[in-house]
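A.B. asks: When you get a sec, could you build the whole thing from the sequences and use the hints?
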Amino acid sequence: MADLIIKPRKGLAALNFGELYAYRDLLYFLAWRNVKVRYKQTAIGAAWAVIQPFMNMIVFSIFFGALAKIPSDGLPYPIFVYAGLLPWTFFSNVIRMAGNSVVEDEKLITKVYFPRLIIPSSVAGVELLDFCIAFIIYVLMMLYYQIPLTVQLLAIPLLLFFMVIAALGIGLILSALTVTYRDFRYVLPFVIQLWLYVSPVIYPVSIVPEAWRPLLALNPMAGIIDAFRSALLGSPFDFPTLIISAIVSVILFIGGVLYFQRLERTFADII
Amino acid sequence: MSTTDPIIEVQHLSKKYSLGKKREMYHTFSGVLVHSARSLSQRLIGRGTSQTREDFWALSDVNFTVQRGEVLGIIGRNGAGKSTLLKILSRITDPTGGQIIMRGRVASLLEVGTGFHPELSGRENIYLSGAVLGMRREEIDQKFQEIVAFAEVEKFLETPIKRYSSGMYMRLAFSVAAHLDPEILLIDEVLAVGDIAFQKKCLGKMENVAQGGRTVIFVSHQLEFLAQLCKRCLLVDKGKIVQDGPSREVISQYVKLVRSTDTMDLRTRKDRQGEGRVRLTQTWVEDMGGNRSNRIISGQDMKIIATYEVQEYYNCTNLAVSFAVLTVHGVVVVDLGTGTITPDFTENVPRRGKIECIIPRVPFNSGEFVYNALLRSARSGNEVEDWVKNAGSFTVEPGDYYRTGHIAGTASLLCIDHTWNILSA
Numbered sequence: 001m002a003d004l005i006i007k008p009r010k011g012l013a014a015l016n017f018g019e020l021y022a023y024r025d026l027l028y029f030l031a032w033r034n035v036k037v038r039y040k041q042t043a044i045g046a047a048w049a050v051i052q053p054f055m056n057m058i059v060f061s062i063f064f065g066a067l068a069k070i071p072s073d074g075l076p077y078p079i080f081v082y083a084g085l086l087p088w089t090f091f092s093n094v095i096r097m098a099g100n101s102v103v104e105d106e107k108l109i110t111k112v113y114f115p116r117l118i119i120p121s122s123v124a125g126v127e128l129l130d131f132c133i134a135f136i137i138y139v140l141m142m143l144y145y146q147i148p149l150t151v152q153l154l155a156i157p158l159l160l161f162f163m164v165i166a167a168l169g170i171g172l173i174l175s176a177l178t179v180t181y182r183d184f185r186y187v188l189p190f191v192i193q194l195w196l197y198v199s200p201v202i203y204p205v206s207i208v209p210e211a212w213r214p215l216l217a218l219n220p221m222a223g224i225i226d227a228f229r230s231a232l233l234g235s236p237f238d239f240p241t242l243i244i245s246a247i248v249s250v251i252l253f254i255g256g257v258l259y260f261q262r263l264e265r266t267f268a269d270i271i
Numbered sequence: 272m273s274t275t276d277p278i279i280e281v282q283h284l285s286k287k288y289s290l291g292k293k294r295e296m297y298h299t300f301s302g303v304l305v306h307s308a309r310s311l312s313q314r315l316i317g318r319g320t321s322q323t324r325e326d327f328w329a330l331s332d333v334n335f336t337v338q339r340g341e342v343l344g345i346i347g348r349n350g351a352g353k354s355t356l357l358k359i360l361s362r363i364t365d366p367t368g369g370q371i372i373m374r375g376r377v378a379s380l381l382e383v384g385t386g387f388h389p390e391l392s393g394r395e396n397i398y399l400s401g402a403v404l405g406m407r408r409e410e411i412d413q414k415f416q417e418i419v420a421f422a423e424v425e426k427f428l429e430t431p432i433k434r435y436s437s438g439m440y441m442r443l444a445f446s447v448a449a450h451l452d453p454e455i456l457l458i459d460e461v462l463a464v465g466d467i468a469f470q471k472k473c474l475g476k477m478e479n480v481a482q483g484g485r486t487v488i489f490v491s492h493q494l495e496f497l498a499q500l501c502k503r504c505l506l507v508d509k510g511k512i513v514q515d516g517p518s519r520e521v522i523s524q525y526v527k528l529v530r531s532t533d534t535m536d537l538r539t540r541k542d543r544q545g546e547g548r549v550r551l552t553q554t555w556v557e558d559m560g561g562n563r564s565n566r567i568i569s570g571q572d573m574k575i576i577a578t579y580e581v582q583e584y585y586n587c588t589n590l591a592v593s594f595a596v597l598t599v600h601g602v603v604v605v606d607l608g609t610g611t612i613t614p615d616f617t618e619n620v621p622r623r624g625k626i627e628c629i630i631p632r633v634p635f636n637s638g639e640f641v642y643n644a645l646l647r648s649a650r651s652g653n654e655v656e657d658w659v660k661n662a663g664s665f666t667v668e669p670g671d672y673y674r675t676g677h678i679a680g681t682a683s684l685l686c687i688d689h690t691w692n693i694l695s696a
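From first to last, the protein sequence lines stand for chains A and B.
Residues in the first sequence are numbered from 1 upward in steps of one, following our numbering.
Residues in the second sequence are numbered from 272 upward in steps of one, following our numbering.
Just so you know, the hints here were simulated from the structure itself, not pulled from any lab data.
Any given hint might turn out to be false.
[Stated by the list, open to error] As a list, the in silico SDA-like pairs of lysine to any residue whose alpha-carbon atoms are at most 25 Å apart:
| id | chain 1 | residue 1 | chain 2 | residue 2 |
| --- | --- | --- | --- | --- |
| 1 | B | K476 | B | F415 |
| 2 | A | K107 | B | N661 |
| 3 | B | K541 | B | K625 |
| 4 | B | K511 | A | I6 |
| 5 | B | K625 | B | I612 |
| 6 | A | K10 | B | D326 |
C.D. replies: Here is the structure:
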């Protein structure tokens, strides 16, 4: 084993993949802990993973679909909105939970060394599991509404990748900021609420004027949610929007990792 | 890399903490807003303003080396820098200057039960804590039976550890840690756990570890324990290594140092909480004749004293004080506070003052005690002004508490008055 040299770290640090790999079991166990703990002493357990997007779907279908008559690109509104809620629920939960994650694991931060990135990342692991559970409902709805399967479904893994890095990028920034400024705990729920309205969850991108779409796509979830829906429901992809959102996701992720690694050096001192 | 190189080399290591300065502009809400906005904008970009902060060097120019297989003890008073040193060695926090070269896999044990989650079962926590401490899953699988047997918790493996007794919890936690298999093990004051039988078992395990050629660094206040386990000790004081040598010599130097400094200066303490409008400045323990000494004899009278000052901008009309006395293991023995048997100080609170708490006929039996000092001011809703944990310490020696002419037995923490009867039943 190479000598380990401990000295003041300055500037930006690249990701240490070797070290992250060495700690992969910890990532697994922390994610597993979060899953176990989340549903301890709840009566219906993992059903909560389904209830959140499912109830949202019903409420949105009534108010935005049936009453406000928001267009849904010719699809039944419930399945239209649910296809958008799947990635949105993942995204909003990751940034909410990851934001608090480092502070909540204060005891670990001040008592033992490991790559701190593992803490917010483990949150994404848990949410991915919830995503899969919620996806089962989608499959049932697909059967009910007789939505045909298309080759576009093959894009899903790539879209999942962008969804995860976008959420994690923002989650990393928020978790590092929350260590110093607990204010973000209070700001976050409000921001998430607003963010929903600038994401095409309850409305299709097609109702946004063409000139405004590049601006909308700066919200990484705009392109990702839209593409997700296209992949699931077989409608055509809006490539310009998707590409801008994907680039923004990558930038957010790299920026998030760099910012987190810059601030993590002081976590133990200021948490 | 040759095997004759020292396994740890610490070179010119230093660590600086920035202390938040007094908050002059916090009178008004708008002042708070202006200040927050300014500091937020400066700190979001990662730059603290140097003028508004004070620096405190927790460690300065520390140098030492540790050879492979050596068992090293580190001693020093509270706040001397021992824990900071251990935190840097275990990579929890970065040094400000200097460097350390480590030539082996490191594991650190800074607390008992790192990573434990109360809702999870014993089995689950073994895996979780093992992973947190740096074990691979296969490694835990392999050692699982051994860990369970060592902790003696076989029957409770599926029980959430929130239902464990504190003894069981400690045993399980220590057992996981004791099965770590690094080349370098860093241990902070964690052995002060559990029942005596289990402590002995742990000590045995520790000795095995040390004899197994592993390099171990212990930070502890338990001098006997260090003397027994380590050949060599470092004495740290005010962020510097003041002595490095054979354990017995270093320990006796430490005892002298502790006795020579009976007054604790609290102004430089950074680990404090509260508004800070009233600040503790010094604390010490004295006898009724006014002699400062932190050696107290059970059954005699003592005073715990703290001095404070009120910030210029603050009109302090009310002060509540408390001293919580704890064992060095962190058990609160008694919390002495104004407001329980006497009212808080509400009249003539001096700007700079000295608070005395008189304890007649000291009921502590023998051992080391520390106390936390807490100041509150009730003007705006009983706010904590200043709270310093481990503000001071004193040693109690056994004495004639019961006024029998004999020294009371030493195997307990406290003496209390009591009477006995025998009745036919």
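A.B. asks: Each hint: holds or not?
C.D. replies: Hints, one by one, checked against the model:
1. K476/B with F415/B: holds (16 Å)
2. K107/A with N661/B: holds (20 Å)
3. K541/B with K625/B: holds (21 Å)
4. K511/B with I6/A: holds (19 Å)
5. K625/B with I612/B: Holds: K625/B and I612/B sit about 19 Å apart, inside 25 Å.
6. K10/A with D326/B: holds (19 Å)
Of the numbered hints stated above, none is contradicted by the structure.
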